[in-house]
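Enquirer: Now for the letters of each chain:
There are 2 protein chains.
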Amino acid sequence: MVRLSQVGEFGLIERISRRENKRPETIVGIGDDCAVLKLPTSNIKLQNKSERTKYIYQLITTDTLVENVDFKKKGLSFFHLGRKALAANTSDISAMGGIPTHALVTLGLPKNTDVSAIDELYRGIDSLAKKHKIDIIGGDTTDSAVMFITLVLLGEVEKVNLLLRSTARVGDLICVTGEFGGAAASNFKLPTSKLKTNVKIARKIAKSQTATAMIDSSDGLVRSVMDICRASKVGARLYEDAIPVADGATLDQALYGGEEYELVFTVKKGKMDRLLDGKIKYSVVGEVISPKLGVILIDKRGRIKPIKSGGYEHFKK
Amino acid sequence: MVRLSQVGEFGLIERISRRENKRPETIVGIGDDCAVLKLPTSNIKLQNKSERTKYIYQLITTDTLVENVDFKKKGLSFFHLGRKALAANTSDISAMGGIPTHALVTLGLPKNTDVSAIDELYRGIDSLAKKHKIDIIGGDTTDSAVMFITLVLLGEVEKVNLLLRSTARVGDLICVTGEFGGAAASNFKLPTSKLKTNVKIARKIAKSQTATAMIDSSDGLVRSVMDICRASKVGARLYEDAIPVADGATLDQALYGGEEYELVFTVKKGKMDRLLDGKIKYSVVGEVISPKLGVILIDKRGRIKPIKSGGYEHFKK
Chain Z
0 MVRLSQVGEF GLIERISRRE NKRPETIVGI GDDCAVLKLP TSNIKLQNKS ERTKYIYQLI
60 TTDTLVENVD FKKKGLSFFH LGRKALAANT SDISAMGGIP THALVTLGLP KNTDVSAIDE
120 LYRGIDSLAK KHKIDIIGGD TTDSAVMFIT LVLLGEVEKV NLLLRSTARV GDLICVTGEF
180 GGAAASNFKL PTSKLKTNVK IARKIAKSQT ATAMIDSSDG LVRSVMDICR ASKVGARLYE
240 DAIPVADGAT LDQALYGGEE YELVFTVKKG KMDRLLDGKI KYSVVGEVIS PKLGVILIDK
300 RGRIKPIKSG GYEHFKK
Chain H
0 MVRLSQVGEF GLIERISRRE NKRPETIVGI GDDCAVLKLP TSNIKLQNKS ERTKYIYQLI
60 TTDTLVENVD FKKKGLSFFH LGRKALAANT SDISAMGGIP THALVTLGLP KNTDVSAIDE
120 LYRGIDSLAK KHKIDIIGGD TTDSAVMFIT LVLLGEVEKV NLLLRSTARV GDLICVTGEF
180 GGAAASNFKL PTSKLKTNVK IARKIAKSQT ATAMIDSSDG LVRSVMDICR ASKVGARLYE
240 DAIPVADGAT LDQALYGGEE YELVFTVKKG KMDRLLDGKI KYSVVGEVIS PKLGVILIDK
300 RGRIKPIKSG GYEHFKK
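Quick mapping for you: the protein sequence lines, in order, are chains Z and H. Numbering of the first sequence is given in numbering that gives the first Met the number 0, commencing with residue 0 and proceeding in unit increments. Numbering of the second sequence is given in numbering that gives the first Met the number 0, commencing with residue 0 and proceeding in unit increments.
Bound conformation, chain Z alone (with noise of 0.2 Å):
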């Protein structure tokens, strides 16, 4: 008999997405930040002529938190749970250059839970939702000994706009938004104020057509370098010391972290400026090199320093 401790999380996704996709509307499956439906289908003839915005990319994507895994409830406040879950999925659709529209929420409670937490809960989904307008059209309630709250978040984006993971090529620059390892400096502890949503770059950052492939950096820098990497066939070179590093911070916090929701993307060299036209705030880290080189980090004074093994794996002890 195998554990799934001894496969881990990857070894499970891997074995889940080994299978074919066959409806038409199918463009991307298990395996990217969202799943991607090309809408509508066969019965729709175009107003714009243009190929560009022909249809309508569907988005969709789903995270769950779990009690004892992903939050404690000694302490917590649901406010911030909710508002979390949330964040979490929009940086999905972020991350695909989408815009986030609808959402379906599941609780699994336990009996003796207080209603007023669940509002508390709602009220932590709407302060996004709102912001972003997002509807809520729907979910489950569900008896649990221990609690859970699985979002559902759709999104669109124009064909033209949609990028993916798989789709970074040799000689890109590697770009990221914002700071790393202030989550992980904080103890997982930021505050309900920190957790911002990063829609408004994402979509400058794909309405620039300049980006290549594009990942948000929620398990850890290295981790989305590398799954741009696993699914692109290619490798990457860090520079250490081109990593924007949060105050109070260290450079294994930012690297590894995880819990935040920035973006890293890969640019065509020659399309640099046209993200500095776009006023879009970004740091470039590395660059795109070879799959046979793998994935590489340079610390300070040039030497190949080892890549440990990046970011959160659910089920590995």
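These are computed hints drawn from the structure, not numbers from a lab. Possibly wrong hints are sitting among the right ones.
[Unchecked claim] Each computed DSS-like pair below joins lysine-lysine, with the alpha-carbon atoms no more than 30 Å apart:
1) K206/H to K21/Z
2) K280/Z to K188/Z
3) K21/H to K195/Z
4) K132/Z to K37/H
5) K37/H to K72/Z
6) K270/H to K203/H
7) K158/Z to K72/H
8) K206/Z to K21/H
9) K199/Z to K21/H
10) K299/Z to K278/Z
11) K72/H to K73/Z
12) K130/H to K278/H
13) K132/H to K37/Z
14) K71/Z to K188/H
15) K158/H to K158/Z
16) K158/H to K129/Z
17) K188/H to K110/Z
18) K129/H to K158/Z
19) K71/H to K72/Z
20) K71/Z to K110/Z
21) K299/Z to K267/Z
22) K129/H to K21/Z
23) K110/H to K110/Z
24) K73/Z to K158/H
25) K130/Z to K71/Z
26) K37/H to K130/Z
27) K37/H to K129/Z
28) K37/Z to K315/H
29) K129/H to K188/H
30) K110/H to K315/Z
31) K188/Z to K110/H
32) K315/H to K110/Z
33) K37/H to K199/Z
34) K71/H to K71/Z
35) K21/Z to K193/H
36) K270/Z to K37/Z
37) K129/Z to K188/Z
38) K199/Z to K37/Z
39) K110/Z to K307/H
All of these numbers come straight from a predicted model, not from anything done at the bench.
Guided by the hints, dock chain H onto chain Z, whose structure is given.
Expert: Here is chain H on its own, set in the frame of chain Z:
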């Protein structure tokens, strides 16, 4: 402090659903078997001039099964569990008159789960997904002390075939497919071979253009009728001797048992012939009456019998 066990699932849902949807695509939010979105949005024009095929109506539903609430792990067939999760969601799509298209699977799993059990679970899901040409396009996997499976199912329906809970009218006849009480009579241990879906007959009913409202019977026959009545602001009279009771089941099991994926629908009296023409097998079990009269049951001797509070409710002790 008010505990969840005091307000119950229905109280919680009412609390949650007191919200206004604002996006133009949102046709139905919380409160029916599925949410309904009108797609595409503004930048698309039509090939077919008829209003009837003007839009795609996208259906979205989600259902969660939790260990020790909806299933026990001891002696569990993971194949059965996976198939049941997809069957339950498919039934919600059917109940709107639609066809299922894409699914997301979220699993909360203890670390010591046997990986081959997860493979079995997916084989169960796939056994139905293949039949209905459903693509599995995403989901999430996470550690959880208590096992749970959350399935999200997307579907679509032509505007003209969409059937809601809220559109039954006084004078309509109440009809059902199949028989009731079989699941309860087997102590909710129906063999996997009996886990069938009702997509075909639901589509026949929808396309016959005779039904005014529809719902699935997963929470029990009486509860389903009550749900239609609440949403449509009508009452209902059910005739005890018209209820199709499954072999070996009692009348009470047929009325209140649940965990069956049959359809409960209302039909305008003058249109019953067309149902027969469509070769749809159904039983007439009652009629829609004034809301002032509530939901009542008439026994074999013509007397009014009290309705028990219908079906299973989460959180209630």
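Enquirer: Give a verdict on every hint.
Expert: Now for the hints, and whether the structure bears them out:
With a C-alpha separation of about 26 Å, the suggested pairing of K206/H with K21/Z holds against the 30 Å cut-off. Among the hinted pairs, K280/Z with K188/Z is consistent with the structure: their alpha-carbon atoms are about 26 Å apart, no more than 30 Å. A threshold of 30 Å between alpha carbons decides the hint, and for K21/H with K195/Z the separation of about 22 Å falls inside it, so the pair holds. Pair hint K132/Z plus K37/H holds up; C-alpha atoms about 16 Å apart against a cutoff of 30 Å.
Between K37/H and K72/Z the alpha-carbon distance is near 38 Å, which puts this suggested pair outside the 30 Å criterion. About 14 Å separates the Cα atoms of K270/H and K203/H, which keeps this hinted pair within 30 Å; it holds. Restraint check for K158/Z and K72/H: the C-alpha separation of about 44 Å exceeds 30 Å, so the hint is violated. Restraint check for K206/Z and K21/H: the C-alpha separation of about 26 Å stays at or below 30 Å, so the hint holds.
Straight-line distance between C-alpha atoms of K199/Z and K21/H comes to about 20 Å, which keeps the hinted pair within the 30 Å bound. Of the supplied pair hints, the one linking K299/Z and K278/Z holds, its CA atoms being roughly 29 Å apart against a limit of 30 Å. Our distance criterion of 30 Å between C-alpha atoms is met by K72/H and K73/Z, whose separation comes to about 28 Å. For the hint pairing K130/H with K278/H, the CA-to-CA distance comes to about 22 Å; that is within 30 Å, so the pair holds.
Among the hinted pairs, K132/H with K37/Z is consistent with the structure: their alpha-carbon atoms are about 16 Å apart, no more than 30 Å. A threshold of 30 Å between alpha carbons decides the hint, and for K71/Z with K188/H the separation of about 36 Å lies outside it, so the pair is violated. Only pairs whose Cα atoms come within 30 Å are accepted, and K158/H paired with K158/Z is accepted, the gap being roughly 26 Å. About 28 Å separates the Cα atoms of K158/H and K129/Z, which keeps this hinted pair within 30 Å; it holds.
Distance check on the hinted pair: K188/H and K110/Z sit about 25 Å apart at the alpha-carbon level, within 30 Å; holds. Of the pairs offered as hints, the one joining K129/H and K158/Z holds, with about 28 Å between alpha carbons and a cut-off of 30 Å not exceeded. Taken as a hint, the K71/H and K72/Z pair is honoured in the structure, with Cα atoms around 25 Å apart against an allowance of 30 Å. Restraint check for K71/Z and K110/Z: satisfied, since their Cα atoms lie roughly 17 Å apart, inside the 30 Å limit.
This hinted pair checks out: K299/Z and K267/Z have alpha carbons roughly 25 Å apart, not beyond 30 Å. For the hint pairing K129/H with K21/Z, the CA-to-CA distance comes to about 10 Å; that is within 30 Å, so the pair holds. At most 30 Å may separate the alpha-carbon atoms for a hinted pair to count; K110/H and K110/Z meet this at roughly 25 Å. Taken as a hint, the K73/Z and K158/H pair is broken in the structure, with Cα atoms around 48 Å apart against an allowance of 30 Å.
Pair hint K130/Z plus K71/Z holds up; C-alpha atoms about 27 Å apart against a cutoff of 30 Å. Between K37/H and K130/Z the alpha-carbon distance is near 22 Å, which keeps this suggested pair within the 30 Å criterion. Restraint check for K37/H and K129/Z: satisfied, since their Cα atoms lie roughly 20 Å apart, inside the 30 Å limit. Proposed proximity of K37/Z and K315/H is contradicted: the alpha carbons are some 42 Å apart, above 30 Å.
With a CA separation close to 24 Å, the supplied pair K129/H and K188/H stays within the 30 Å bound. Our distance criterion of 30 Å between C-alpha atoms is met by K110/H and K315/Z, whose separation comes to about 7 Å. This hinted pair checks out: K188/Z and K110/H have alpha carbons roughly 25 Å apart, not beyond 30 Å. At most 30 Å may separate the alpha-carbon atoms for a hinted pair to count; K315/H and K110/Z meet this at roughly 8 Å.
Proposed proximity of K37/H and K199/Z is supported: the alpha carbons are some 25 Å apart, at most 30 Å. Taken as a hint, the K71/H and K71/Z pair is honoured in the structure, with Cα atoms around 25 Å apart against an allowance of 30 Å. For the given pair, K21/Z sits about 27 Å from K193/H by alpha-carbon distance, which is consistent with the 30 Å threshold. Note on K270/Z and K37/Z: the hinted pairing holds, with a Cα-Cα distance of about 28 Å set against a maximum of 30 Å.
Our distance criterion of 30 Å between C-alpha atoms is met by K129/Z and K188/Z, whose separation comes to about 24 Å. Restraint check: the Cα-Cα separation between K199/Z and K37/Z comes to about 23 Å, which is no more than 30 Å; the hinted pair holds. About 23 Å separates the Cα atoms of K110/Z and K307/H, which keeps this hinted pair within 30 Å; it holds.
Of the numbered hints stated above, those contradicted by the structure are hints 5, 7, 14, 24 and 28, listed in ascending order.
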